[in-house]
Amino acid sequence: MSTVDLLLLLAGLVLSLMVFSYLLGDTLLFGIAMYTLVGVSAGFTVLVLLQKVILPMAISPLSAFPQTSAFLALVPLLLSVLLIWMLFKKTSRVSGIPLGFLGGVTAAALIIGVTRGTLVPQLLSIVNAFDPNKMTSAGLPNWTGIFEAFMMLAGVVAVLFVFHHQKVKKQKDAFSNSWLDGLTGFGQVFIGITFGAIFVGLFSTGLVALIAYIQYLVDFAGLW
Amino acid sequence: MKQRTPVIVAAISGFILLAAFLFQEFTAPYLGLVLNWAIIVSSVALLVAIASLVVTHIRFIVIGRKGFLYSIVLVVSFLATLILGWYLGLDDPDYLEGIRTVLVPLENALMGLIALILMSGAVKIFRVRGWSILTVSFGLSALLFLFLNLGFLRFDSIPGVNVIVSNLQRLPIIGARGLLIGVALGALLMGLQVLFGQEVMRE
Amino acid sequence: MSDQPDELRICPHCGQENSVYTLRCIRCGQELEALFELEGFDHSTLSAEDKSEEDLAPMAEILASLDQSPLLADSNQVEEDHQEEAAETVSGEPSFDKDAPDWLERIRQRAKEEEDAAGELAKGGIAMDDRRSQEGHKQVDEAFDEIMRRIREQNEREKARHTRRVESDLVDENGDPEWLRRIRELHPNREDDSQAIVTGSPKKDGLDDDWTEEELQELLRREMGLPETPDEETEEEITTEVSTPVPVETESELTLAGQPAEDLDSEAAQIEPEPQIFHNIPEDDVDSLSSELEGDIPSEGELKQDDAGLEPKDDGELGIVPLEEETEADAAGKAPGAVENEPTTALEEEEEKLEELCESETVPEAAVSTEEVLPDLLLLRNQRERAKVFTDIIGQEGRRTIAVLHETSKQSKIGRLVLALLLILGVLLVILVGPPGAVDLPLPAPAVAFAENLESIDTSDAVLIIMDYQAATRNDIEPMAARTLEILEEKGVDVRTVTSNPENIWLASNLLDPDHVPDEFIPGGMLGYLALAAGGTPSWGKLPIDQAFNGDPDLFGGVDQVILVSDSAEFVRMWLEQITPWQPEIKTSAITTAVSSAILLPYHDSGQLQGFVAGVADAKALDVEPQNLVNQRAYQVGMLLMIVVLLLGMIMKADEDSQRRAEERKQ
Chain A
1 MSTVDLLLLL
11 AGLVLSLMVF
21 SYLLGDTLLF
31 GIAMYTLVGV
41 SAGFTVLVLL
51 QKVILPMAIS
61 PLSAFPQTSA
71 FLALVPLLLS
81 VLLIWMLFKK
91 TSRVSGIPLG
101 FLGGVTAAAL
111 IIGVTRGTLV
121 PQLLSIVNAF
131 DPNKMTSAGL
141 PNWTGIFEAF
151 MMLAGVVAVL
161 FVFHHQKVKK
171 QKDAFSNSWL
181 DGLTGFGQVF
191 IGITFGAIFV
201 GLFSTGLVAL
211 IAYIQYLVDF
221 AGLW
Chain B
1001 MKQRTPVIVA
1011 AISGFILLAA
1021 FLFQEFTAPY
1031 LGLVLNWAII
1041 VSSVALLVAI
1051 ASLVVTHIRF
1061 IVIGRKGFLY
1071 SIVLVVSFLA
1081 TLILGWYLGL
1091 DDPDYLEGIR
1101 TVLVPLENAL
1111 MGLIALILMS
1121 GAVKIFRVRG
1131 WSILTVSFGL
1141 SALLFLFLNL
1151 GFLRFDSIPG
1161 VNVIVSNLQR
1171 LPIIGARGLL
1181 IGVALGALLM
1191 GLQVLFGQEV
1201 MRE
Chain C
2001 MSDQPDELRI
2011 CPHCGQENSV
2021 YTLRCIRCGQ
2031 ELEALFELEG
2041 FDHSTLSAED
2051 KSEEDLAPMA
2061 EILASLDQSP
2071 LLADSNQVEE
2081 DHQEEAAETV
2091 SGEPSFDKDA
2101 PDWLERIRQR
2111 AKEEEDAAGE
2121 LAKGGIAMDD
2131 RRSQEGHKQV
2141 DEAFDEIMRR
2151 IREQNEREKA
2161 RHTRRVESDL
2171 VDENGDPEWL
2181 RRIRELHPNR
2191 EDDSQAIVTG
2201 SPKKDGLDDD
2211 WTEEELQELL
2221 RREMGLPETP
2231 DEETEEEITT
2241 EVSTPVPVET
2251 ESELTLAGQP
2261 AEDLDSEAAQ
2271 IEPEPQIFHN
2281 IPEDDVDSLS
2291 SELEGDIPSE
2301 GELKQDDAGL
2311 EPKDDGELGI
2321 VPLEEETEAD
2331 AAGKAPGAVE
2341 NEPTTALEEE
2351 EEKLEELCES
2361 ETVPEAAVST
2371 EEVLPDLLLL
2381 RNQRERAKVF
2391 TDIIGQEGRR
2401 TIAVLHETSK
2411 QSKIGRLVLA
2421 LLLILGVLLV
2431 ILVGPPGAVD
2441 LPLPAPAVAF
2451 AENLESIDTS
2461 DAVLIIMDYQ
2471 AATRNDIEPM
2481 AARTLEILEE
2491 KGVDVRTVTS
2501 NPENIWLASN
2511 LLDPDHVPDE
2521 FIPGGMLGYL
2531 ALAAGGTPSW
2541 GKLPIDQAFN
2551 GDPDLFGGVD
2561 QVILVSDSAE
2571 FVRMWLEQIT
2581 PWQPEIKTSA
2591 ITTAVSSAIL
2601 LPYHDSGQLQ
2611 GFVAGVADAK
2621 ALDVEPQNLV
2631 NQRAYQVGML
2641 LMIVVLLLGM
2651 IMKADEDSQR
2661 RAEERKQ
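Chains as they are written, first to last, in this note's numbering: chain A, 1 to 224; chain B, 1001 to 1203; chain C, 2001 to 2667.
Just so you know, the hints here were simulated from the structure itself, not pulled from any lab data. Yeah, the Cβ is synthetic: ideal placement off N, Cα and C, and Gly gets one too. Each hint should be verified, as a subset may be incorrect.
To be verified - Going by beta-carbon spacing under 7 angstroms, a handful of chain C positions derived as facing chain A:
{"id": "1", "residue": "2418"}
{"id": "2", "residue": "2420"}
{"id": "3", "residue": "2475"}
{"id": "4", "residue": "2478"}
{"id": "5", "residue": "2523"}
{"id": "6", "residue": "2547"}
{"id": "7", "residue": "2578"}
{"id": "8", "residue": "2581"}
{"id": "9", "residue": "2615"}
Model the full assembly from the supplied sequences, consistent with the hints where possible.
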């Protein structure tokens, strides 16, 4: 192991130990570790963007200038200049043009994607559960399938209603209806179950990382 | 409305792209071109954001703002990574190994810290939130999935248990599907707001 | 059309334009002077004075009819002249001019002395003409009196509109006053709560709907029952008045000094000084009013905007009260006696306080109470409620509104530290003491499906590996990803590894060869994948993204399977939304973390995702060697500790509740 490697290893170890100082509060050491993480990540990201995106995609096409592709490359270049102008004048109105363009592109992709990728397939999945072929088995009712289909439908409706009901309740105080509250409670059960599963998943991922880190410390100590 | 230009640009570009998506068979080259432009612009936007961050911290250092030590750390680590990478090359194994050596334990430690914080959060959650349908179902669900992840029971040995466990593992589907549909509806509304202009949607 | 030129003759009596052949004025019946025009006499030789006097004659009559008008009080001389003329007209004698020329006098004298050549018949005609002339004068006088009477009535009506607007036509069949209806028209969804508290007034004849600012102000004042004229009845109170600390006498002195006189309405100038009331009905600025009414409860993020809205804006957004705008509008159209400057000034001070509050969150709460915001204001109830909400939000600045899990108290820090140390020590102890072990966890259906899908991949298939994960989650992902790559390599499947995450450039060596980087870096993240999935090859040349590729830019060409290696359920979801619909023939599966498992379950259930493995808990599905995983015993210990802690939290809460109930019972 070279000296540089050793220094880097020590730097990583010290920085990671600094992170755990957060247990004692938001300390200076924790701040140093976080700012180091941000600085290194930002530096590497800038490098990647420059070498893998800007140079090949925005600059290189200009070399083929008489061709159409070179002229077309001027459009994003112009938009980029307007964006960079924001660095010097943050309230510049022209900087809103590239941002508006990005917003429009993102919105269009969002609308198409959400509709085709989530809304339609998930709603169809609920409906397909009521397929007679799935609700019967060898000519007899498949009670499990029937129960699952109705539970899925009722559960999803209730979960969606939870958000709506909470919003309405915020707007209108003292709005209470036993039937609606019951439906909300039904939806909250499923939300709670899902959140519980996510909580355990997050803890599991964190625990794995913690175990790996402690193992890393043990291994590091084993070097000496 | 002070700045109509971004809204108008967003609406026009959004509608054009929407049309291009809908008639993708005929517009695929143009769709690809516009998306390429968007890629470049978004990358430049990210660069501008990072540049703004660094410039801000350099200013903090120059004026000696409180906590400028953090700014020094950020600027030094940023410049070191950038200059070394530019000099050695992005694909240089030593350079990549150096970054890996620093960042992997750092990020691991951060993720491990989350586990520790969740431990203390688990104690307080009921005291803070109280008893409700949501918290009770959350607690029971968490206990169930923690227990399943323990691996203390040999599920293979007991017939029928596998089916029960399998159904229990599917329980989050209902809530997750509701959440996904709700999020999708929200995203759809947001996209439409951008396309039609937020002011129009508010009216 | 006539070929004759349109020569017109102006009636000297009323100014009406008549045809040149007309003998009498079509309007007033006056004989036109052309009858008496003699040949060789140039009519234009009349002096300018005579012309002006002739022009003034009908004007004098008009002014005389307005004898009661204060505006014409100083026109006595003209009035006298008019009376003289009227007397002459009544007596039947022509009112010849005393300064008539000699030749005209001689003609007149001769006409009296000599026998009329026309005889008795002509005399009769002349007498008839004279009589007609008298009747014509009488008709003119009557018509003019009628016109003047109408003008006076109109004046009276104008005055009455200022003073009796409410009692007249302002209440509809529902009992809603006109101003309230107008506000509802501007914002139909609001003000419903104000409807019930408005009382009705008898419905009267309709007047015009052109409401000015001062009319609205007057109306509101009357609606509130504030006395302006003694004979007016007090209406039911619909607003909340907060008395101003400044005495009325003092405020009355603060008139709009320096106000240009020409800007003030002369009629309004005669009304008595108005009481010291400030109303909040903006002028007929629909944008301002609607935006003010439409404004929902301001969020904290909008606080500064709302704060800025206290000052006049040109974009129509208003804060609580558009004071400056209103004051300016009032200053242009109000009487000098209408004192509104002082309330505005006082409110401006309140606004300054509010602005200071917004700028510095350390201002005491008392300074922003509703009562301090409202002085000098006379607000609609709805507006007052909004102002209260606004000030409440300001008052909440810097204060915690929701409970947070991480208390910063010393006790909390110690508790957190103890729990953390407990977990760390438990894990460390297991690592140091026991063997790693192997945990047999129940395999979920998606993990089984992933393994089956992996098994189904043929040697001839092409697999695209998309890497998008962080170093923080690498221990939860890499064992399965490495095993997957190993299986694919064993099968001899064509594998292409790409990423759009810069972090994966230096993380890839954990999965691939030590000095290996992903085959391609896809610019733009999901946009880049979308451009490659949905975009086509143009006829004019290459797309920019093609230049960023080392190999074939056709990323999805010939690909049979896509395996997403991502720690983010968001990334997987976006892939399924943005990419999969454009490449429906490609099967998608995922290697992800445990935290993403719950969110991805519906996508597996709907068939969009072939399967997924989520974290080390699903490692068994791929037969990952235990030594490649983290210590399984330590994992079990961690899970067990979490169960204990969770139960402990429940028990503590139950204990607290039982203790509180016991105390309540004691009390």
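Hints, verified against the model:
no., hint, verdict
1, 2418, "violated, 10 angstroms"
2, 2420, "holds, 5 angstroms"
3, 2475, "holds, 4 angstroms"
4, 2478, "violated, 10 angstroms"
5, 2523, "holds, 4 angstroms"
6, 2547, "holds, 4 angstroms"
7, 2578, "holds, 4 angstroms"
8, 2581, "holds, 4 angstroms"
9, 2615, "holds, 6 angstroms"
Going through the hint list in order, the structure does not satisfy hints 1, 4.
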